[in-house]
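Given the coordinates of chain A, work out where chain B should sit on it, guided by the hints.
There are 2 protein chains.
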Amino acid sequence: MVLFDDFEVLDVYGPLSMFGALKDRVQITTIAEKAGTITTASGLSFVADVAFADAPQLDLVIIPGGMGTRREVNNAQFLSAIRHLAEVTPQVATVCTGAAVLAKTGWLDGKRATSNKMAWKWVTAQSAKVLWVPKARWVEDGKVTSSSGVSAGMDMALFLIAKRFGKETATWVANRAEYRWYDNPADDPYAAMNGLGA
Amino acid sequence: MVLFDDFEVLDVYGPLSMFGALKDRVQITTIAEKAGTITTASGLSFVADVAFADAPQLDLVIIPGGMGTRREVNNAQFLSAIRHLAEVTPQVATVCTGAAVLAKTGWLDGKRATSNKMAWKWVTAQSAKVLWVPKARWVEDGKVTSSSGVSAGMDMALFLIAKRFGKETATWVANRAEYRWYDNPADDPYAAMNGLGA
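Sequence order for the protein chains is A and B. Mapping to the UniProt record's numbering: the first sequence position 13 is 13, numbers consecutive. Mapping to the UniProt record's numbering: the second sequence position 178 is 178, numbers consecutive.
Excised from the complex, chain A in its bound form (with noise of 0.2 Å):
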């Protein structure tokens, strides 16, 4: 999971309270600019374990959004780190805002993708060759999976542990969780909520 400062807490411990729940199974790893100290703008704390270049070899790497995002698609750095990292891991998905730090490393050209509807105006700008699905909880396109915004991340999550773990595995995770899984990623009331179409 990667972190910056000022990401939306939702989009990475909603994910990672599904895939915690595999513990035996999985491990999770968070990686930032620096390892250490990462904040939000609410005043909360965390810590990130490795820096970029520390990086493990990884099964899947999760970009969440927030607003960080609004300063992480100026960091040249930050943008191609995120690069190279969905170049190199074999899975690939956004939560909410992260698609447009993924869109604008350009990695996303060409590819169908989604993100949070009540910024869809900022993050579709972030490029224009990106094959924007607006009315979707989640899209796969191959080895890249992108959320809509901040809850849509646990559907999403819970997809890709279906993916790898079966169905049985996802809806036990959901249910531990009491969490009502969307497992129909064209259920998207918040495309239209937004004034977009499908």
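Among the hints, erroneous ones may be present.
Remember, identical chains collapse to one label, so a pair may be satisfied in a single copy or spanning two.
Said to hold, decoys possible - Derived BS3-like pairs (lysine-lysine); straight-line CA-CA distance at most 30 Å:
{"no.": "1", "residue 1": "K129", "residue 2": "K167"}
{"no.": "2", "residue 1": "K167", "residue 2": "K23"}
{"no.": "3", "residue 1": "K34", "residue 2": "K23"}
{"no.": "4", "residue 1": "K167", "residue 2": "K135"}
{"no.": "5", "residue 1": "K121", "residue 2": "K23"}
{"no.": "6", "residue 1": "K135", "residue 2": "K34"}
{"no.": "7", "residue 1": "K167", "residue 2": "K143"}
{"no.": "8", "residue 1": "K135", "residue 2": "K23"}
{"no.": "9", "residue 1": "K34", "residue 2": "K167"}
{"no.": "10", "residue 1": "K129", "residue 2": "K23"}
{"no.": "11", "residue 1": "K167", "residue 2": "K121"}
{"no.": "12", "residue 1": "K135", "residue 2": "K121"}
{"no.": "13", "residue 1": "K143", "residue 2": "K23"}
{"no.": "14", "residue 1": "K129", "residue 2": "K143"}
The hints are simulated quantities; they were obtained by calculation from the structure and are not laboratory data.
Same frame as chain A, but now just chain B:
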């Protein structure tokens, strides 16, 4: 927000994502036995802002659950700090097995409360004097509100936001997170799923 080693991350950052959306009106403090690093079994690290002894006067204290509660119900110092916080804070909330910790302090005795349905037997064994409610997404009794497992904390957080700032604000917070708020506290499919009656 109370933290301890091996807390469940969604119990904490689900509600804090909701409250954090109102960062101009809400200030968040994380409180633990000692200020500093907190870790979880899945290998994640966090920073607690202050020790119990240095906690500011709060409007609301939230006690999360997670596997660490199995240890903390036997930690007399922790229980005493939790009981003190519950006594001096105008609003008290628990998420998931956080109710087990509060029950063990005795402070919940004679009050109605709910908790995680998968861990029901262990939770309710912490005090026979609590009026445990098996079928509920959350339960309000006077100044204490307890929620069911993990993701139920988000629905309770939105309920508490609605109480304090109005339903329109709570709905805005839910929509911002693209979160489908279960706003009916009686809507709980997890009781029956775990063999619990009404």
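Structure-based check of all given hints:
In this assembly of identical chains, K129 and K167 lie within 30 Å of each other by CA distance neither inside one copy nor across copies; the values are 33 Å within and 40 Å between. For the identical chains of this complex, K167 and K23 are intra-copy neighbours only, at 17 Å inside a copy versus 37 Å across copies, given an alpha-carbon limit of 30 Å. Taking the shortest alpha-carbon separations for K34 and K23, both the intra-copy value of 25 Å and the inter-copy value of 26 Å come in at or below 30 Å. Taking the shortest Cα distances, K167 and K135 sit within 30 Å of each other both inside one copy (24 Å) and across copies (27 Å).
Only between protomers do K121 and K23 lie at most 30 Å apart by alpha-carbon distance; the minimum there is 23 Å, versus 37 Å within a single protomer. Taking CA atoms no more than 30 Å apart as the test, K135 paired with K34 passes in neither setting, with 35 Å inside one copy and 46 Å between copies. For the homomeric pair K167 and K143, the shortest alpha-carbon distance inside one copy (19 Å) is at most 30 Å, but the shortest distance between copies (40 Å) is not. For the identical chains of this complex, K135 and K23 are inter-copy neighbours only, at 29 Å across copies versus 33 Å inside a copy, given an alpha-carbon limit of 30 Å.
For the homomeric pair K34 and K167, neither the shortest alpha-carbon distance inside one copy (36 Å) nor that between copies (40 Å) is at most 30 Å. In this assembly of identical chains, K129 and K23 lie within 30 Å of each other by CA distance neither inside one copy nor across copies; the values are 38 Å within and 35 Å between. In this assembly of identical chains, the alpha carbons of K167 and K121 lie at most 30 Å apart only when taken from different copies (27 Å versus 34 Å within one copy). Taking the shortest Cα distances, K135 and K121 sit within 30 Å of each other inside one copy (14 Å), while across copies they are farther apart (42 Å).
In this assembly of identical chains, the alpha carbons of K143 and K23 lie at most 30 Å apart only when taken from the same copy (23 Å versus 36 Å across copies). When the C-alpha separation of K129 and K143 is checked against a cutoff of 30 Å, the pair qualifies only within one copy, where the shortest distance is 18 Å, while the shortest distance between copies is 53 Å.
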